[in-house]
Each structure stands twice: as structure tokens, then as C-alpha cells.
Amino acid sequence: MINFSQVKYHYQQQNFEFDLQVEQGSLVAILGPSGAGKSTLLNLLAGFIAPMQGDIAINGNSVLSAAPHQRPISILFQDNNLFTHLTAYQNIGLGLHPGLKLDAQQKQLIQTMSEHVEVDKLLDRLPDQLSGGQQQRVALARCFVQKKPILLLDEPFSALDPVLRVAMLERVSALAKQQNVTVLMVTHHISDALAVASHFVFIDQGNASAVERIEQLTRSHPNQHLAQFMSAEVNK
Amino acid sequence: MNVSLKIKSVQLPGILLSGSIFIFVLMAMSALLLYSPHVDLTQIWADPYYRHITQFSFYQALLSTLLSVVFAIPISHALFRRQFWGKALLLKLFTTTLVLPVLVAVFGLLAIYGNSGLFASLFSYFDSKLPFSIFGLNGILLAHVFFNLPFACRLFLQALSAIPEKQHQLASQLGMKHWYKFRYVEWPYIAGQLPHIAGLIFMLCFTSFATVMALGGGPKSTTIELAIYQAIKFDFDLQTGALLALWQICLCATLAFFIQKISSPTQLKSSYNASINTYHHDSWYSKCWDFFWIIVVTILVIPPLLMVVLSGLNQQLLSVLTAPTFWLALKNSLLIATCAAISAVICAFFILLASRQWRLVGLNHRADKIEMLATVILVTPGLVISTGLFLLLRDIGHLSELAFYIVVAVNALMALPFVLKSLTVPMLQNAQKYERLCTSLGISGFNRFYWIEWKALKRPILQALCLSFVLSIGDLSAIALFGSHTFNTLPLYLFQLLGSYQMQSAAVVALVLLLLSVGVFIIIEQVFKETTTSLDRAEHD
Numbered sequence: 001m002i003n004f005s006q007v008k009y010h011y012q013q014q015n016f017e018f019d020l021q022v023e024q025g026s027l028v029a030i031l032g033p034s035g036a037g038k039s040t041l042l043n044l045l046a047g048f049i050a051p052m053q054g055d056i057a058i059n060g061n062s063v064l065s066a067a068p069h070q071r072p073i074s075i076l077f078q079d080n081n082l083f084t085h086l087t088a089y090q091n092i093g094l095g096l097h098p099g100l101k102l103d104a105q106q107k108q109l110i111q112t113m114s115e116h117v118e119v120d121k122l123l124d125r126l127p128d129q130l131s132g133g134q135q136q137r138v139a140l141a142r143c144f145v146q147k148k149p150i151l152l153l154d155e156p157f158s159a160l161d162p163v164l165r166v167a168m169l170e171r172v173s174a175l176a177k178q179q180n181v182t183v184l185m186v187t188h189h190i191s192d193a194l195a196v197a198s199h200f201v202f203i204d205q206g207n208a209s210a211v212e213r214i215e216q217l218t219r220s221h222p223n224q225h226l227a228q229f230m231s232a233e234v235n236k
Numbered sequence: 001m002n003v004s005l006k007i008k009s010v011q012l013p014g015i016l017l018s019g020s021i022f023i024f025v026l027m028a029m030s031a032l033l034l035y036s037p038h039v040d041l042t043q044i045w046a047d048p049y050y051r052h053i054t055q056f057s058f059y060q061a062l063l064s065t066l067l068s069v070v071f072a073i074p075i076s077h078a079l080f081r082r083q084f085w086g087k088a089l090l091l092k093l094f095t096t097t098l099v100l101p102v103l104v105a106v107f108g109l110l111a112i113y114g115n116s117g118l119f120a121s122l123f124s125y126f127d128s129k130l131p132f133s134i135f136g137l138n139g140i141l142l143a144h145v146f147f148n149l150p151f152a153c154r155l156f157l158q159a160l161s162a163i164p165e166k167q168h169q170l171a172s173q174l175g176m177k178h179w180y181k182f183r184y185v186e187w188p189y190i191a192g193q194l195p196h197i198a199g200l201i202f203m204l205c206f207t208s209f210a211t212v213m214a215l216g217g218g219p220k221s222t223t224i225e226l227a228i229y230q231a232i233k234f235d236f237d238l239q240t241g242a243l244l245a246l247w248q249i250c251l252c253a254t255l256a257f258f259i260q261k262i263s264s265p266t267q268l269k270s271s272y273n274a275s276i277n278t279y280h281h282d283s284w285y286s287k288c289w290d291f292f293w294i295i296v297v298t299i300l301v302i303p304p305l306l307m308v309v310l311s312g313l314n315q316q317l318l319s320v321l322t323a324p325t326f327w328l329a330l331k332n333s334l335l336i337a338t339c340a341a342i343s344a345v346i347c348a349f350f351i352l353l354a355s356r357q358w359r360l361v362g363l364n365h366r367a368d369k370i371e372m373l374a375t376v377i378l379v380t381p382g383l384v385i386s387t388g389l390f391l392l393l394r395d396i397g398h399l400s401e402l403a404f405y406i407v408v409a410v411n412a413l414m415a416l417p418f419v420l421k422s423l424t425v426p427m428l429q430n431a432q433k434y435e436r437l438c439t440s441l442g443i444s445g446f447n448r449f450y451w452i453e454w455k456a457l458k459r460p461i462l463q464a465l466c467l468s469f470v471l472s473i474g475d476l477s478a479i480a481l482f483g484s485h486t487f488n489t490l491p492l493y494l495f496q497l498l499g500s501y502q503m504q505s506a507a508v509v510a511l512v513l514l515l516l517s518v519g520v521f522i523i524i525e526q527v528f529k530e531t532t533t534s535l536d537r538a539e540h541d
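Order-wise, the sequence lines are chains A and B. Note that UniProt numbering has the first sequence beginning at 1, numbered continuously upward. Note that UniProt numbering has the second sequence beginning at 1, numbered continuously upward.
Simulated from the structure, these hints should not be mistaken for lab results. Only a predicted model underlies this, so the values are computations on that prediction, with no experimental measurement involved. A couple of the hints might just be wrong.
[Said to hold, decoys possible] Straight-line Cα separation of at most 20 Å, DMTMM-like style, residue types lysine to aspartate or glutamate; simulated pairs: (1) A/K177 x A/E23; (2) B/K433 x A/E215; (3) A/K177 x A/E115; (4) B/K233 x B/D395; (5) B/K455 x A/D124; (6) B/K458 x A/D128; (7) B/K87 x B/E525; (8) A/K107 x A/D124; (9) A/K148 x A/D128; (10) B/K458 x B/E525; (11) A/K101 x B/E525; (12) B/K433 x B/E401; (13) B/K6 x B/E435; (14) B/K433 x A/D128; (15) B/K8 x B/D395; (16) B/K455 x A/D128; (17) A/K107 x A/D120; (18) A/K177 x A/D124.
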């Protein structure tokens with residue numbers, strides 16, 4: 001259970017306020033127009049920025065004093081998920097030990113997880129020798145070897161074509177269910193949310209106060225802004 | 001945001017280092033002030049001799065800059081447009097002239113234009129005398145152009161290669177021929193770099209020491225930098241030395257300030273990426289024009305270097321290479337250059353760790369400031385710092401024991417701005433790409449250094465190491481004050497040999513210095529050819 005209680009943040013003349021709860025095991029799509037604060041929400045939870053007020057708690061314990069790597073969170077960025085001078089294997093291994101001192105069990109885990117995301121034949125390659133989809137699969141394997149209960153996706157698949165993108169999301173969704181991982185994903189595409197998410201949050205001009213079930217994501221939603229956003233996005 | 005104002009622990013060493021560098025320089029300067037209690041810089045202007053050397057310093061720097069920059073424009077333009085055999089080699093040589101030990105180049109120039117050089121023997125064959133003398137303003141200008149014209153060419157080439165390919169296509173589609181294309185497409189790119197390049201070269205020539213020391217002909221052509229040295233080393237007039245050093249600082253600071261104002265420095269790339277353009281409006285006339293300039297620059301750059309190699313292989317070779325003096329000087333040079341290069345790169349690394357953290361959160365002014373503190377040496381030439389230290393330590397201990405450390409420190413300080421300049425962008429880019437990833441994976445401290453910075457930045461780091469090694473191994477301004485018969489380096493040894501007209505021995509030493517400077521870069525290139533293909537690959541089982 002993730003709890004944002006009255007979290008306030010200010011950046012470049014914009015105020016953000018988040019007050020919401022995410023249940024363990026859910027897959028939450030974070031929706032909203034550009035600049036609304038979707039990534040800010042993830043950055044606060046990941047610990048890259050600190051709130052000015054309020055508290056963020058995971059399973060009842062505040063995480064504000066913890067450094068990003070000490071939080072029970074793994075994260076997949078839009079780009080730069082891989083160190084381009086290190087091989088796929090080394091990139092995954094860094095999720096297990098920050099100095100790549102790996103024991104036999106961990107090496108086995110890398111092997112298993114890379115089979116899961118079908119990059120086990122590509123482990124010797126440098127990121128430049130991989131396609132965009134393969135690169136993000138390697139990064140995904142690293143997220144899952146970390147065995148953290150929460151996974152944040154900051155539009156990691158937005159550069160992929162629509163078919164591949166949905167396939168990747170389904171894979172993430174399946175892996176997350178299997179390991180009981182809570183996923184928060186920022187997305188531009190309503191269709192992505194409808195395809196895999198169990199819940200959604202709509203960020204409206206820096207504010208978000210409710211996590212709703214995905215079934216409620218319709219054009220007749222009582223929130224005017226959300227309804228407009230839905231029509232515009234669906235018409236695109 | 002108060003969150004980002006906090007100083008991170010990774011920034012501490014850099015902040016301390018750059019602070020101590022600044023204090024170190026301040027201490028040297030305060031020693032100067034102490035030795036000239038009645039600082040009266042008008043005294044310098046009132047003295048006709050000092051006024052003359054001040055004017056001469058400006059005059060020769062201005063002429064050198066003009067000659068270098070003006071001719072660099074058609075030359076770089078020609079090099080940009082034309083492909084020819086040996087172009088890559090020529091461009092490589094261009095990069096070496098700036099870091100080439102000054103005395104090696106001076107030796108090469110003497111071997112051609114000197115009183116007993118190639119030209120002189122050619123003239124004497126026809127029973128006439130050399131119509132010019134290389135000593136004095138002629139030689140200073142020639143040497144400065146030799147160093148700075150290729151440097152300017154390379155910078156202009158970089159500016160030209162920044163023109164997008166589409167603009168070339170557009171120009172030929174619009175039928176823009178040579179002059180119009182130059183005027184409307186290429187010139188704006190050159191002009192954008194002009195103030196910065198000219199400013200930089202002016203500064204280099206204004207504070208030039210070894211060139212003037214070797215080629216300046218007596219009091220008529222002396223610069224302030226050389227006058228400081230002469231006052232201390234020959235006249236033992238410490239007060240005048242200190243006063244002149246302060247005068248030099250004032251002038252340099254003013255110049256640096258104005259150059260900063262008029263120019264927007266851009267990143268110095270280590271390589272120039274040639275794109276092959278197709279020109280549909282070529283003509284015989286423009287071909288001749290371009291190749292005329294390419295031949296001119298080839299004649300300027302190649303023969304002196306060739307002469308260093310050719311005249312180095314003489315019958316003195318064996319006797320020099322077996323002399324203990326030579327080996328002692330070589331040992332000192334290698335030790336000093338290695339220590340100075342390593343110190344400079346380590347300092348730069350920590351300072352950039354500090355400054356890039358600020359750049360990441362948008363505190364660019366703060367980052368600029370900490371980098372500027374460390375490059376204060378640009379305003380206070382190496383010789384001035386040495387002078388200050390000389391005065392400061394004269395009372396404390398035996399100079400001869402400290403000499404080694406002082407020379408290392410001054411050389412490291414002089415290399416630091418170049419190292420900072422070449423590492424700033426790669427280190428910042430590395431942080432921009434990986435800062436969040438590293439924090440989220442908890443990669444920090446030594447792991448961060450080894451796996452992320454070193455593995456990704458090995459090449460720029462080693463190149464910076466080479467650059468500062470070569471700069472230090474050829475330096476004469478730090479060793480000039482502290483050197484003695486027991487403490488010698490190769491450049492000083494070369495200077496002594498030149499001074500006592502032992503030209504053949506000097507030729508051997510010049511060749512060794514040339515091989516050392518060029519060799520380091522070649523070794524690094526070779527190392528990288530192998531590592532990039534094999535070592536970076538996976539090594540897991």
C-alpha cells in the first residue's frame with residue numbers, strides 16, 4: 001500500500017498536490033495532459049525530489065528519509081535506462097550489486113529473468129547493438145531481478161510502435177501479477193491504460209486526489225476535465 | 001529550491017580542491033605584494049623601458065593574432081572543401097603544434113630560417129646573405145603563427161563542420177557559388193567563433209614566454225613575461241620582478257575580462273568529423289585558390305617538424321644519449337610531467353564532480369564559479385605564480401629541495417584549465433544520462449567511479465592525461481626559475497644547449513622531446529583501437 005498524504009511540491013511556478021492511496025498488487029495508469037505533473041508524481045515516490053510538505057509512506061512506513069536506492073522501488077525511464085558502455089548482462093547485474101560482485105545464485109537469476117523477457121541470447125551485446133524494444137526488455141529484466149515490490153514506469157515504451165508497446169505492457173502486467181508487484185505507469189495513451197491497468201489516476205493541473213477503478217474511465221466521467229481529455233485522446 | 005542548495009558529499013572534495021587552488025594562487029600573489037610594498041603601477045608607465053616592453057607585448061600579440069586568424073580563414077575553408085591525400089595526417093599535425101614543446105618548434109624554425117639554417121645556406125650558395133634575421137620580432141611572429149595558425153584552423157574547421165548537410169544542399173540548389181556561399185552560409189559560422197578564437201590566441205601570445213626567451217633579440221623585443229624572469233634571475237631585483245608580475249596580472253585580468261565579454265566559448269571537440277560534400281559549382285579558379293592555401297600551410301607546418309627529425313639524427317646522437325646529464329634531465333622531465341598530469345586530471349575530476357551536480361539542478365552560475373576558481377591560472381601566468389612561490393619559499397626552506405614539488409604544482413596548475421575544458425562536457429553528459437539511474441540503483445562511491453565514470457569516460461580521461469603530460473613535458477616557464485645544474489629538465493637542457501650553440505646536441509634533445517610528445521598520443525590511439533573492440537565486451541562466464 002502506497003500512501004501520499006497531502007504531498008505538496010512546487011516547481012517552476014506550478015503547485016502540485018497529491019493525496020492518494022494505491023493498493024498492493026494493482027496496476028495504476030497515471031493519466032493527464034503534458035505538464036500536469038505525471039512524472040513529478042513518480043519522481044516524488046522514487047525519491048529524486050523531496051516534497052515540501054506532507055508524507056509518502058509505503059506499507060505504513062514513511063520513505064521520505066530514504067535514498068532512492070533504499071526505497072522498495074525499481075524504475076524504468078523513458079530513455080537512458082542502460083549504460084551504453086556496459087553489456088546487457090552487466091546492465092542487468094547492476095540491479096543486484098552496484099559493483100557487479102555477483103554470486104552463483106544471482107548469476108542464475110539474471111539468466112532466468114532474461115529468458116522471461118527473451119533477451120537471454122543477447123546478453124553479450126552492448127546497448128547500441130540492440131533494438132529499442134530489446135533495450136527496454138533488458139532494462140525490464142533488471143527491474144525484476146531487483147525484486148522490489150513496486151515498479152514505476154515513466155513511459156518506457158513510448159518510442160515503440162503501438163503493437164509492440166501493448167505487447168510489452170502485457171508482459172510487464174503478467175510478470176507483475178506473478179510476483180505480486182505494484183505498478184505505477186505514466187502513459188499518454190488511453191488505450192494502454194484500458195488494455196492493462198486495473199486502476200487509474202487523473203492528474204488535473206498538478207492535483208490528484210483519487211485512484212479509481214479502470215472501469216470508471218469513460219467519456220461520461222463526472223470530472224469535466226477528464227471527460228474532455230478522454231474525448232480528445234480517443235479522437236486522436 | 002532549498003533542497004538543491006544543500007551541498008552533497010560527493011561535491012566536497014571538489015569544492016575544497018578548487019578553494020585550495022585559489023588560496024595557493026592568492027598566497028603566491030600576496031608574496032608579490034609583500035615584496036613591492038609601495039605598489040605603484042604608474043611607476044611602470046613612467047619608466048620608458050617598461051612602457052616599451054608593455055607596448056611591445058601588446059604589439060607582437062596583436063600582430064601574431066592577426067596573422068594567425070586572418071590566414072586561418074581561407075586555409076580552413078580550403079581544407080573544409082577539399083579532400084586530398086594526407087589530409088588526415090595534416091590535421092593530426094595541426095593538433096600537435098599547440099602542445100608541441102615550444103623549444104622543439106623553435107629549433108625546427110631555426111633549422112630553416114635561422115642564421116645557419118636551410119635558407120641561409122641557400123643564399124650563401126648564391127653568394128648573398130640572408131635578407132632577414134629570425135631573432136627579434138620576425139622570429140617571435142613566425143613562431144607564434146606556427147603554433148597558433150593551425151590551432152585557429154582546427155577551431156574554424158569545427159565551426160564549419162557544424163553547418164548542417166541540408167544547408168549545403170540548399171545552397172547548391174539555390175545556385176550559390178563560392179563567394180556567395182561563403183558570405184551567406186559559411187562566414188556566419190566562422191564569425192561566430194572569431195572573437196573567442198582571436199581572444200584566446202591573443203592571450204596565448206601575450207603571455208608567451210619560451211618563444212620570446214629563445215627568439216627575442218635583446219631589450220628591443222622583450223615582453224613583460226620575459227622581463228619578470230630577467231629581473232629575478234639575472235638582476236636579482238626581486239622588487240622589480242614582483243612589481244612587473246603584478247602589472248602582468250592586472251593586464252591579463254583586464255584582457256581576460258574583455259575576452260569573456262565579447263565571446264561565447266564553445267566546446268572544443270577532440271576530433272573533426274569530415275562530411276564529404278559535393279560541390280556542383282566547382283571551377284579551376286577555386287581549385288587553384290584552395291590548393292594554394294593548402295600548400296602555404298603545409299610549407300609552414302611540415303618543414304620545421306621534418307627538420308627536427310632530420311637534424312636530430314646526427315653523429316652527436318650517441319654521445320648525447322650516453323651522457324648522464326641527458327638521462328638525468330629525461331628522468332626529471334618524465335617524473336614532473338607524469339606527476340603534474342596525474343594531479344591535474346585528479347583535481348579536474350573532483351572539481352567537475354562538484355560543478356556538474358550544480359549544473360544538473362540548473363545552478364550554472366555556481367558551477368561556473370567553482371570552475372573559474374580553478375582556472376585562475378589563466379589570469380596569472382605560470383611564471384608569475386612561480387615568481388610568487390619563489391619569493392614566498394625563499395625565506396622558508398632550501399629552494400633546491402622544494403624545486404621539484406613547485407615545478408610539479410605549477411605545471412599541474414597550468415594544465416588544469418585545458419583538462420577542465422576537455423572533461424567538462426563528457427562528465428556532464430554522463431551525469432545527465434545516468435544520475436537518476438545511478439541513484440535508483442544505489443551505485444555510488446568507488447563503484448560509481450569504476451563502472452560508470454571510468455568505463456564510459458576512459459578515452460577523454462586518458463586524452464586529458466596525455467594533453468597535460470605533453471604540456472608539462474615541454475614547459476619552460478616553471479623550470480626556468482627553479483632549475484639549476486643539479487635540477488634540469490629536457491626543455492631547460494635544450495635551452496642551455498641552444499644558448500651555448502651546441503646545435504648538434506640540441507638537435508638530438510629536440511628530437512627526443514618531439515618523439516615523447518607525439519609518441520604519447522600515438523600510444524593512446526593504439527591502446528584504444530584494441531580496448532574498444534575487445535575489453536569492453538562481456539567478461540562474464
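request  = For the pair we were handed, A/K101 and B/E525, check the Cα-Cα distance against 20 Å.
outcome  = violated, 31 Å
ask   = Can the restraint linking B/K6 and B/E435 be considered satisfied, given a maximum Cα separation of 20 Å?
value = holds, 17 Å
ask   = Does the structure keep A/K177 and A/E23 at a Cα separation of 20 Å or less?
value = Holds. A/K177 to A/E23 sits at ~13 Å (cutoff 20 Å).
Restraint check for B/K458 with B/E525, where alpha carbons must lie at most 20 Å apart = holds, 12 Å
ask   = Does A/D120 lie within 20 Å of A/K107 when you go C-alpha to C-alpha?
value = Given pair A/K107, A/D120 holds - Cα atoms ~12 Å apart, limit 20 Å.
inquiry  = For a C-alpha distance cap of 20 Å, please report whether B/K455 and A/D128 respect it.
reply    = holds, 15 Å
query = When you check the alpha-carbon spacing of B/K8 and B/D395, does it fall within 20 Å?
reply = violated, 40 Å
ask   = For the pair supplied as a hint, A/K177 and A/D124, is the alpha-carbon distance within the 20 Å limit?
value = It is violated: about 29 Å lies between the C-alpha atoms, which goes past 20 Å.
inquiry  = Between the alpha carbons of A/K107 and A/D124, is the straight-line distance 20 Å or under?
reply    = Status holds; Cα separation ~14 Å.
Given hint A/D128 paired with A/K148 - CA-CA distance at most 20 Å = Outside the cut-off at roughly 27 Å; violated.
query = Between B/K433 and A/E215, is the straight-line Cα distance small enough, at 20 Å or below?
reply = violated, 38 Å
key: Restraint status (C-alpha distance of B/K458 to A/D128 at most 20 Å)   = Between B/K458 and A/D128 the Cα gap is close to 18 Å, so the pair holds against 20 Å.
Going down the numbered hints, you'll see the structure goes against 2, 9, 11, 12, 15 and 18, while the others check out.
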